[in-house]
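The lines below spell out each chain.
Number of protein chains: 2
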Amino acid sequence: MKTYQSKIEITLKKSVLDPQGTQLQHALSNMGYESVADVRVGKFLEVTLSAANEAEAQTKLNEMCDKLLANPVIEEYKVELIESGAAANVS
Amino acid sequence: MKTYQSKIEITLKKSVLDPQGTQLQHALSNMGYESVADVRVGKFLEVTLSAANEAEAQTKLNEMCDKLLANPVIEEYKVELIESGAAANVS
Numbered sequence: 001m002k003t004y005q006s007k008i009e010i011t012l013k014k015s016v017l018d019p020q021g022t023q024l025q026h027a028l029s030n031m032g033y034e035s036v037a038d039v040r041v042g043k044f045l046e047v048t049l050s051a052a053n054e055a056e057a058q059t060k061l062n063e064m065c066d067k068l069l070a071n072p073v074i075e076e077y078k079v080e081l082i083e084s085g086a087a088a089n090v091s
Numbered sequence: 001m002k003t004y005q006s007k008i009e010i011t012l013k014k015s016v017l018d019p020q021g022t023q024l025q026h027a028l029s030n031m032g033y034e035s036v037a038d039v040r041v042g043k044f045l046e047v048t049l050s051a052a053n054e055a056e057a058q059t060k061l062n063e064m065c066d067k068l069l070a071n072p073v074i075e076e077y078k079v080e081l082i083e084s085g086a087a088a089n090v091s
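Which chain is which? The protein sequence lines are A and B, in order. Per my numbering, residue 1 is the first one in the first sequence, and the count goes up by one each step. Per my numbering, residue 1 is the first one in the second sequence, and the count goes up by one each step.
If we strip away everything but chain A, and leave its shape as in the complex, we get (with noise of 0.2 Å):
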């Protein structure tokens, strides 16, 4: 078994309206930022797993993503794998 560090970018569709970010850049523009033309919110995860090999590591992720983590109707996820140093002992 190996341990493998994720970073999950979990974003609103393009589609599905994003009340929060718009807040955010009117906020940012009556502080003086009028270049901002756009903000989007979105989560980010960091998950740290153990698992045979990349492959499952990466199918087990996108299960959590899709069963918990993100809401597959409204918000869509980006899974990104990096293999940790320490390889976990077998157990």
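The hints are simulated quantities; they were obtained by calculation from the structure and are not laboratory data. Errors might be hidden in some of the hints.
It does not matter which identical chain is used: a pair holds within one copy or between any two.
[Said to hold, decoys possible] Straight-line alpha carbon distances no greater than 20 Å define the calculated SDA-like cross-link-like pairs of lysine to any residue that follow:
#, residue 1, residue 2
1, Lys14, Ile82
2, Lys78, Glu54
3, Lys7, Glu46
4, Lys78, Glu46
5, Lys13, Asn53
Since the model is a prediction, treat every value here as computed from it, not as a measurement.
Guided by the hints, dock chain B onto chain A, whose structure is given.
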């Protein structure tokens, strides 16, 4: 003026407890994903802005993070800048 797209990852500092992440880890474990060792939750922002050059865009984004988007006391952020294809009109 060029148009830049940026991705901002805002995460809790390593020394700060993340109860939301711990809950997610427990939930995943209950769902059968016992190989998950750790989950950390952060924010993900996509900001589109116009600036004269990459250095200016980077400076502006760092300022925005320090002033509004992130809480520098407990959070740290990483800004990734992408020059988007279309150059905006000078205005």
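(request) State the violated hints by number, sorted upward, taking the hints as numbered earlier in the document. (result) 5
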